[in-house]
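Undergrad: Going by my numbering, the sequence shown opens with residue 1, and the numbers climb by one from there.
A couple of the hints might just be wrong.
[Unchecked claim] Below are the DSSO-like pairs computed for lysine-lysine, each with C-alpha atoms no more than 27 Å apart in a straight line:
no., residue 1, residue 2
1, K151, K109
2, K111, K101
3, K151, K101
4, K111, K151
What the hints contain is simulated information worked out from the structure, not anything from laboratory work.
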Amino acid sequence: MDHSRRRVLALTSSLSLPLLAGCTGMLGSGDDADAGESGDSDGGGGGSNEATETPTPTKTPTPTPEPESEFLVRTRTVMDEIRWFGTRYESARRRYLLEVKPVAETIAKLKDVNTLTMGDVEELRSKTTDLATYVSEELAPHFELDAALRKGNNVYVRNFAAAVEQDDTAAQQNALSRLDVFYTRATNESYLDQNLSASPIEDPLHSLLGSGRGGETIFGVSYPPGDNFTTQTFSDDYSGRARDEIRPHTHEFATGQRVYAHAHTYDAGHSIYDHENERPTGVIYAFSDGAIDILEDTQAWRERVGDYEPAYTNVFDATVVREGRVDYAYVMANKLVTGTDSDEQFAGVPIFVQRFESEDAAVAAMETLLSTTLGEDGTTRMGNREWTRVYYDYDGPNLYANLHRIGEFVIATSVSSRPHRDRSRDQQWPEPLMLSWLGIVEPAAETPTDG
Numbered sequence: 001m002d003h004s005r006r007r008v009l010a011l012t013s014s015l016s017l018p019l020l021a022g023c024t025g026m027l028g029s030g031d032d033a034d035a036g037e038s039g040d041s042d043g044g045g046g047g048s049n050e051a052t053e054t055p056t057p058t059k060t061p062t063p064t065p066e067p068e069s070e071f072l073v074r075t076r077t078v079m080d081e082i083r084w085f086g087t088r089y090e091s092a093r094r095r096y097l098l099e100v101k102p103v104a105e106t107i108a109k110l111k112d113v114n115t116l117t118m119g120d121v122e123e124l125r126s127k128t129t130d131l132a133t134y135v136s137e138e139l140a141p142h143f144e145l146d147a148a149l150r151k152g153n154n155v156y157v158r159n160f161a162a163a164v165e166q167d168d169t170a171a172q173q174n175a176l177s178r179l180d181v182f183y184t185r186a187t188n189e190s191y192l193d194q195n196l197s198a199s200p201i202e203d204p205l206h207s208l209l210g211s212g213r214g215g216e217t218i219f220g221v222s223y224p225p226g227d228n229f230t231t232q233t234f235s236d237d238y239s240g241r242a243r244d245e246i247r248p249h250t251h252e253f254a255t256g257q258r259v260y261a262h263a264h265t266y267d268a269g270h271s272i273y274d275h276e277n278e279r280p281t282g283v284i285y286a287f288s289d290g291a292i293d294i295l296e297d298t299q300a301w302r303e304r305v306g307d308y309e310p311a312y313t314n315v316f317d318a319t320v321v322r323e324g325r326v327d328y329a330y331v332m333a334n335k336l337v338t339g340t341d342s343d344e345q346f347a348g349v350p351i352f353v354q355r356f357e358s359e360d361a362a363v364a365a366m367e368t369l370l371s372t373t374l375g376e377d378g379t380t381r382m383g384n385r386e387w388t389r390v391y392y393d394y395d396g397p398n399l400y401a402n403l404h405r406i407g408e409f410v411i412a413t414s415v416s417s418r419p420h421r422d423r424s425r426d427q428q429w430p431e432p433l434m435l436s437w438l439g440i441v442e443p444a445a446e447t448p449t450d451g
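Could you put together the complete structure from these sequences and hints?
TA: Here is the structure:
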């Protein structure tokens, strides 16, 4: 996993640098001694003829911009990555197959040439370089791919060049056969499913969504703008591409909601009714058509997940601001559970992220929400950041959530019908949220002192 972690750090740096415009400062204060836990709170003169010396003006030092918080940079990177999958993944995968085609055609043509020259080598190298350029620029930031695909003059091409230079006909055909096998494999369905699949997405997005606190996780992601792209992210240790029986999968309820919540051994096509592990809270959060719904158990005594039906639909609707908004996405944070009878299954907690055209636009969005649809109910802290506890009407009863603005983003989470006053700390900030990037802990900013 060391290689993956380096890739994730490199991706975070490369995606965030062009966006570092403005300075939001570090959040928190010197009083946050226990930054990893949450805690709630309510609420010239004279007539002399002597020549005077004009003082040299002192140059005002240029202030050093304060570095942006890791949490803000990570949020940007997460949104960029989800947006890429939601808008460019399908076309990028199709384009990849088109980019491989000239390489395969050149290899096939060279196999029928009796006398090969270095000109033939250059022709092949040109085609493999074009492919490698596309792979490196468009696909490599989002997937872990073979080094040979990312390099035009790779080991297969170099071996072919050496055989041509040495005028070794047998070695030339052997090198061409190896080239053929490699590039054919790189386009078959098995390779695409293992290396270029969005169901599930592995690293780097999966690691970006985590806080680094440890613990296996699974995330659902939904990008409704456009074609309502919805899928899950998963550790490569437990992916459906690994040759084991623990696989991530989705379930769809009869009412249309979907959950990406767990992984276990299963028969293909097994039903949600196969699960007899009723949630202790009687609540399941699920993706619907471009929104998040809350399902509640209607037949609690039967203890089966199939009895859950929608109680609240589009639960983040009251936190939506369209003025100045340029993007939004949902993330469902889950602790990985592989036991089929565990009470912790189907325990995902949703996160709603809205991105605005500027920090000022996000500030205005918060002000609009708090003066129109949302009421304030004090504050709470997680990951060294202060969140506003809010409530809003839902056709009679209230829903309660936590709201936070950072940079150009407004984030809402912990939505529930349970009032804040009745929640324990674990209910306010469930473990899946602590394991998500919302749980990143940063050093508190130093408070300036006089003197």
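Undergrad: Just to be careful, I want the Cα atoms of K111 and K101 compared with a cutoff of 27 Å; is the pair within it?
TA: holds, 16 Å
Undergrad: Within 27 Å, alpha carbon to alpha carbon, are K151 and K101?
TA: Since the Cα atoms of K151 and K101 sit roughly 16 Å apart, the hinted pair holds (cutoff 27 Å).
Undergrad: Is the straight-line distance between the alpha-carbon of K111 and that of K151 27 Å or less?
TA: holds, 22 Å
Undergrad: Is K151 close enough to K109, meaning Cα to Cα at most 27 Å?
TA: Roughly 22 Å separates the two Cα atoms, so the pair holds.
Going down the numbered hints, you'll see the structure goes against none, and every one checks out.
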